[in-house]
Amino acid sequence: MPEGPVEEILESINLHKSFNRDTPHVVINANRVLSSKVVEGLEIEPREMADGVRARLGVARGTKIKQPVHLCFGMLPERGIQRIILDVDIEDEAEVSFMAHCTFPNAVDIQHLMEAEIRVGRNARYSYFERHWHSDEGLVRVVPVARVSLAEGARFSTEFELLKGRVGIIDIDYHTVCLAGSSAEMKARVFGRQDDRIKIKESASLDGEASRAVLVTHIAVRDEAMAEINNEIIARAPYSRGHVDCKEIIQGRGVARAVPVVEVQHPKAHVTHEAAIGSVDSKQLQTLMARGLSEDEAVDLIIEGLLS
Amino acid sequence: MTILELKDVSFTANSTGILNGLTMEIWEGYVHAVVGPNGAGKSTLANVIMGLPDYRRHEGDILFEGKSIKPLNVDERARLGITLAWQEPARFEGLKVSQFILASAREKNKDEVDRALELVGLEPVRYRNRAVDKTLSGGERKRIELASILAMKPRLVMLDEPDSGVDIEAIERIFEAIAHLKEEGTTVLLITHSARVLEKADHAFLLCSGMLVDKGETAKILEYFSGKCLPCPHKNVPDLNSGRKTGGENA
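Protein sequences appear in the order of chains B and H.
Heads up: the first sequence is residues 1 to 308, going by UniProt numbering.
Heads up: the second sequence is residues 1 to 251, going by UniProt numbering.
Read the hints as simulated data drawn from the structure, not as lab findings.
Be careful, since some hints might not be right.
With a Cα cut of at most 35 Å, we get these calculated DSBU-like pairs of lysine-lysine [said to hold, decoys possible]:
{"hint": "1", "chain 1": "B", "residue 1": "Lys-268", "chain 2": "B", "residue 2": "Lys-187"}
{"hint": "2", "chain 1": "B", "residue 1": "Lys-201", "chain 2": "H", "residue 2": "Lys-108"}
{"hint": "3", "chain 1": "H", "residue 1": "Lys-153", "chain 2": "B", "residue 2": "Lys-201"}
{"hint": "4", "chain 1": "H", "residue 1": "Lys-200", "chain 2": "B", "residue 2": "Lys-66"}
{"hint": "5", "chain 1": "H", "residue 1": "Lys-153", "chain 2": "B", "residue 2": "Lys-164"}
{"hint": "6", "chain 1": "B", "residue 1": "Lys-17", "chain 2": "H", "residue 2": "Lys-108"}
{"hint": "7", "chain 1": "B", "residue 1": "Lys-283", "chain 2": "H", "residue 2": "Lys-96"}
{"hint": "8", "chain 1": "H", "residue 1": "Lys-200", "chain 2": "B", "residue 2": "Lys-64"}
{"hint": "9", "chain 1": "H", "residue 1": "Lys-108", "chain 2": "B", "residue 2": "Lys-283"}
{"hint": "10", "chain 1": "B", "residue 1": "Lys-187", "chain 2": "H", "residue 2": "Lys-108"}
{"hint": "11", "chain 1": "H", "residue 1": "Lys-200", "chain 2": "B", "residue 2": "Lys-283"}
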C-alpha cells in the first residue's frame, strides 16, 4: 500500500520504485503541491489556487538542465476540477526537457484543465513529453491549451500520449508561432475506446525565414469512439517549411475525421500534408496473419506500432 | 512424401480463369519452383494456397498433410505451418523490426530475433530497433520479412519473387536463407520468372495461363523456360499441341 499521496501518485504512474527524489520535479495532487525539487538555473514557483495550481517554470539564460524535469500532475479524488496554469520561460541558449505525467487513477468525474504560455528564447531548446494515465472506467475531461512563441533559432518539441485507460473527453489546442530559424515539432498519439471523444487542434505559424514545423497525429479509435483532428500550418516567410501528418485507424463503429489545413503566403515557402484514415491496412493484416497471429492480435500489433 | 497437394484447383476473377484445373504435389523438404511468364497465375496460386480473403472461392481442393485446408482462414493455415512472403513486403509504421520478428517467432526471445537477422545478413544492433517502414529499402524489408519467416520455422514457405527489388549482395543472402530453410526441413516453394532463382530449386512446375504445362527436374524446366517461354510471342497462351501439357498427371 502506498504510504501517502506522493507514493500513491508515483505508484499510479509506475515510478514508485525508480523515482529519485533528488531529480528536479514537482508533484501535485489536485491543488496541493506535495513535493518539489529544483536544480541550479531551474526555477519552479508553484502557487496553490482553489481549483488547481499556478506555476512559473523558468530556465536561466545559457543553463542546460541535463536531467529531465518530472512534472507529476495527479488527481487522486474521484471527482473534481484540477486547473494547471503554467507560465514557462526558457531564456536564450537554455536547454530543458520535461517529462509530465498526468494521472487520474480513481476518476469518476474529473476535469483536468491546463493553460500554458510558453516562451522559448533565442537558440534555446525545450522539449515536453506528456503521458496520461487514466483509469479504465470513469470520465476524465482533459483540456490542454498552449500558446507557444519561439524566438530565433529556438527548438520546441512536444509529445502527448494517451494510450492506457479510457480517454474520456480530450480537447487539445496548441498554437506555436515560429520566428526565423526556429523549429516546432508537435506530436499526439491517442487510443480511443468505447464512447471516448478526441479533438485535437495543433497549429503553427511560420513567421520567420527558414522556420520549420512538423505536426504529427496518430490516432486509433474503436467501439464507438470519435476523433476529430484539425491541424494547420501557415507559412508566411521565405524558406519556411512545414509538414502535417495525420494517420487514424478506425475499428468497430469508431468515427474519425481529419482536416489538415496548409496555407502558404510566400512563394519561397513550402508546406506538405498527408492524411490517411481507415481500417487496418489489409496487407499488413494478412502478413501478420500469415505468420499465425489471429486477426485481433494482428490488429493490436499494427495499432501498437502506429501509436508507438 | 507429399506435404501439399492441389487437386484440380481452379480460380476465377472477373469472369476470367486465372488458375485452370491445377493438380500438383509438393514434396516435403524439397525446394520447388513455380515458374512462368507474367500473368501465368503464379502469385495467385500462392495466394490461394495461403487462403487470403480474396482467394478463398476456388474450385478443387488443397490438402496439407492429407487433410483439406479449404475451410481454414489465413491464420489457421499459418498455425499449421504454411506461410507466404510477398513480392512487395508490407510496411508497418512505428512497428520495430524486433516486434515484427517476435510476432512470428516460434520461440519468443531476443536471441531468436538476433539469430534471424544474422541469417539474412543484417546486423541486429543496427536493425532491431528500426521501424519496418519506408525508412528501410525494399531489399532490407525483403530480408526482414525473410527473417520473420526464419524465426517462425514454418513447414512450408512460399516466397513470391524473392529476388525482386533487391541488390546482388541481398539476393545472395536470400539464397543462403533459402538453403538454411531447406536444411531445417522446411519445404520451399519459390514463385519466380527468374532463371537465376529457378536454379536454386530441386524441382519445378511450369505454369502458363493458369495451366500446368510441365514439371520435373529444374534443369529440364529451366531449359524449356529459358528457350521457349521467355521469348514466347503467345503471351500466356500455352501451345497445348506441343505435348508439354501435363496438368493432372503425377510427378
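Status of the hints after comparison with the structure:
no.	hint	verdict
1	B:Lys-268 x B:Lys-187	holds, 26 Å
2	B:Lys-201 x H:Lys-108	violated, 40 Å
3	H:Lys-153 x B:Lys-201	violated, 47 Å
4	H:Lys-200 x B:Lys-66	violated, 56 Å
5	H:Lys-153 x B:Lys-164	holds, 34 Å
6	B:Lys-17 x H:Lys-108	holds, 27 Å
7	B:Lys-283 x H:Lys-96	holds, 17 Å
8	H:Lys-200 x B:Lys-64	violated, 59 Å
9	H:Lys-108 x B:Lys-283	holds, 23 Å
10	B:Lys-187 x H:Lys-108	holds, 32 Å
11	H:Lys-200 x B:Lys-283	holds, 28 Å
Consistency with the previously given hints fails for numbers 2, 3, 4, 8, ordered from lowest to highest.
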